[in-house]
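Protein chains: 2
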Amino acid sequence: MTPTLAELGEAELLKRLARFAPPGQLDDDTACLGADPRPLLVNTDVLVDGIHFSDATTDAHDVGWRAVAANLSDLAASGAVSIDGITVALVAPGTTPWSWVEGVYNGISAALQQHGGTVLGGDCSSGVSRLLSVTALGRLGPLQLLRSTAQPGDVLVSSGPHGLSRLGLALLQNDPQLQATCLNASLQSQAISQHQRPRPRLDALHQLLSCKPAHLPWRAGGTDSSDGLLTAVRGLCSSSGTGARLDRKLLPKAHGWPDGDPWERWCLAGGEDFELILSLPAAWADALEQALPGCQRFGRITNNAGSVIWSDDNSPIMDEGFNHFAQG
Amino acid sequence: MTPTLAELGEAELLKRLARFAPPGQLDDDTACLGADPRPLLVNTDVLVDGIHFSDATTDAHDVGWRAVAANLSDLAASGAVSIDGITVALVAPGTTPWSWVEGVYNGISAALQQHGGTVLGGDCSSGVSRLLSVTALGRLGPLQLLRSTAQPGDVLVSSGPHGLSRLGLALLQNDPQLQATCLNASLQSQAISQHQRPRPRLDALHQLLSCKPAHLPWRAGGTDSSDGLLTAVRGLCSSSGTGARLDRKLLPKAHGWPDGDPWERWCLAGGEDFELILSLPAAWADALEQALPGCQRFGRITNNAGSVIWSDDNSPIMDEGFNHFAQG
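Order-wise, the sequence lines are chains A and B. In case it helps, full-length UniProt numbering puts the first sequence at residues 1 to 328. In case it helps, full-length UniProt numbering puts the second sequence at residues 1 to 328.
Hints may contain errors.
Stated by the list, open to error - Straight-line C-alpha distance at most 20 angstroms; calculated DMTMM-like pairs for lysine to aspartate or glutamate:
#, chain 1, residue 1, chain 2, residue 2
1, B, K249, B, E289
2, B, K253, B, D227
3, B, K212, B, D286
4, A, K15, B, E102
5, A, K15, A, D27
6, B, K15, A, E102
Said to hold, decoys possible - So these bits of chain B aren't anywhere near chain A, every CB distance computed over 12 angstroms:
#, residue
7, L143
8, Q177
9, L183
10, S193
11, D203
12, L209
13, R219
14, R245
15, A282
16, A287
17, Q296
18, G306
19, S307
20, W310
21, S315
The hints are simulated quantities; they were obtained by calculation from the structure and are not laboratory data. Beta carbons: idealized from backbone N, C-alpha and C, even for Gly.
Next up, chain A with everything else stripped away, as it sits in the complex (with noise of 0.2 angstroms):
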C-alpha cells in the first residue's frame, strides 16, 4: 500500500520529491539562476487558509503582507540585495467577496513597497478555500548564503529573537496557557505585529555584507527560521555535515521573555519568525554583533555531524518539528 502524505510527514515528503529535481536543488531557501551579470534566485511559497493564516487572527492585508514577507525572507537568507519582484496565484471560491482580494492585494503591495520588486504576473482561478502561491525573483550579491557553506567553529548567529510570532498568534487566539503568565504590553504588541506583519530581514542581510571583516572570504552558512529555530539549526548542519552546541542561556529571546514551558519550546519551534540564521567566523560574528541591534549569538557548529545538543550538559535537544499534513 501506497502511504497518505500524513503518514509520510513533511520531511520525508520534500525528501522524496527533491529526487525529481537535481542533486542538491531543493537544499536552500531558494534556487539560484545564471552567472553574468547578477545571478537570480527564485523562491516560492503558498499560504493556505486554515494553515497559514485564519479569518480569526490574519486579516486580509495581512495574508498579503505575510505572502510577500515569506518569500523575501527566504531571498534574503539566500543572499538577495534586490527584490525584481513576484507572481501571484490566487485561489478562492467564488464566494469570496472582492473586498477580501483587494485587501491581500493591498496588504501584498505595501510589502513590495517597503522591501522592493512589483507584481510581475500571476494566474487566478475559483477553488474550495482560499490560497495565495507568491513565486519571488531577486538579485544575489556578493555572498551566496547556503545551508551547506556552515564549517565547524562557526558562530551561529540570530538577526533577531525567536518565538514572537508564536505568541502572536496565542494572544490573538487567547490561548489557556498564557492564563498563568503576565506579560508587558510592549512584548504583547511586539508579537503581534510580529505575527501579522513579520519582516524580511533584508535590512539584516545589508549590515551582513557591510561589516565582513576584510580577510575574511565572502564564505557563511544561513538560511531563514520561518520553520523555527531549530529546524533552521538542524537545516544547516544537515546540509553542511556538521553538528552544533547551542547555549541554552544565549537562546535569542526578547526582551521581558518569561523562562520555563511553553516559553523555551516557542523560541526553539514556534515558527514563522523569519529571522536569518547565520554561520560565520568568529570575528564576522562579532562584526555583526556592533553593527546589527538586536542581533545574538547563541551557539557554534561543530565537526559531530547531526548532533545538535545543548552546550551546558551536551545532552540532544528535543525535536518539535511540526508536520503539517498531520491535520487534512
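Chain B: place on chain A using the hints.
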C-alpha cells in the same frame, strides 16, 4: 456591498488586479525581466482539482504534464527559446496517497525532459483540495511576442487545430452531445491525447523564428490559445487597439472535424488547446505556412478597434467566454 468574485467574473477580476501591477505589466502571457544578455520570461499558472482536472478524466501523470505544458505554452507564446525550469507549489489533503504525488512529479519530469528545464524549487502544504501552482522561467530569443504588437493588415495564423482538447474531455466524460455524431478513430485518439498531454508549441516558435523573411523586422503579435481561440484573438485586438475579421471557412480545425453545433463553438471557445495565435506580416505568414505543417491562416487584423467579425457577412462573432468563478 462589495461584489463576490462570481458576480465580478474572471475578466473584471483580472482588470481590477492589474491595478496593483505597473501599467501594462499583466497584459501578456509572461513577464519579462532584465535586458542582458538574455532577458528572462516568467509565468505562473495554477491547476485546481475539480476546475482544471478531475480524477475521472486526468490521471496523476497527466496533471503534472499539463501543469508544465500550460506554463511552457505561455513561455513559447512570448518568444522563449529555452527553458530554465519551474518551481512547483503542491497543495493536497493529508489523506492523499503518495502514489498520486509521485505520479504528478513523474508527469512533470516527463514534460521537462521533452521540452527542457528542471525542477528549481517549490513548496508544499496540506489543504482541503489538491492543486498545483507552477512558475516557469525561460529565456527570450530574438522576438518578443506581445499581444500589443499586432498591427492592422497582419494575417492571423494558428500553429494548429482548435477544439481537440474540448472534444477529448467530452469523449472522456461520455458527453451525450457526441451520441449523434460518428467520429473517426484517429480524430478521437488525437483529441484525447490533446486533452491529456497537450504540447507546448516551442517547436512552432522555432519554425517562426527561422522562417522570417530577411527584409522584415523582428515584430509580430502573439499569444497562446489556452483560454480558447476567440479569447486569444480578442486579447490581441484589445491590447493592440485593433479588430479582426475571421474567415469561417478557414477556422483551424482538425482533419475530419464535423460541421455545426457544438463543433464550431468548441473550435472557437473550447479552450486548453495551447496553440500559438500569431499576428504576422503577410510574407512571414506565407513562409510559416510553408515551414510548419498543420499551421493555418484564419483571418486578418483590422484597424476597426474592438470589432471581431466574420469576413463573409461582417456579423459580430458571439462571445463564448467562460467564467471560472461562476461555479464556486
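May I ask you to check that B/R219 keeps its beta-carbon over 12 angstroms from the closest beta-carbon of chain A? Per Cβ check, B/R219 is outside 12 angstroms of chain A; nearest 22 angstroms; holds.
Check on B/S315 being off the interface with chain A, judged by Cβ distance over 12 angstroms: holds, 33 angstroms
Would the least Cβ to Cβ distance between B/L143 and chain A come out above 12 angstroms? holds, 20 angstroms
Please check whether the beta-carbon of B/S307 is more than 12 angstroms away from every beta-carbon in chain A. holds, 28 angstroms
Distance restraint between B/K212 and B/D286, which requires alpha-carbon spacing of 20 angstroms or less: The hint holds at about 10 angstroms.
Regarding the pair B/K15 and A/E102, is the alpha-carbon distance no greater than 20 angstroms? holds, 12 angstroms
Verify that the Cβ of B/W310 lies farther than 12 angstroms from every Cβ atom of chain A, and report whether the claim holds or is violated. holds, 32 angstroms
B/L183 clear of chain A by more than 12 angstroms, beta carbon to beta carbon? At roughly 31 angstroms from the nearest Cβ of chain A, B/L183 sits farther out than 12 angstroms, so the non-interface label holds.
Determine whether the non-interface label on B/G306 survives the test: each CB of chain A must be over 12 angstroms from its CB. holds, 24 angstroms
Run the distance test for A/K15 versus B/E102: straight-line Cα separation, threshold 20 angstroms. holds, 12 angstroms
Holds or violated: is the Cβ of B/A282 farther than 12 angstroms from all Cβ atoms of chain A? Non-interface label stands for B/A282: nearest chain A Cβ at 32 angstroms, farther than 12 angstroms.
Least C-beta distance between B/S193 and chain A, which was stated to exceed 12 angstroms: Correct as stated: the minimum Cβ-Cβ distance to chain A is 24 angstroms, above 12 angstroms.
Violation of the numbered hints given earlier is absent; every hint is satisfied by the structure.
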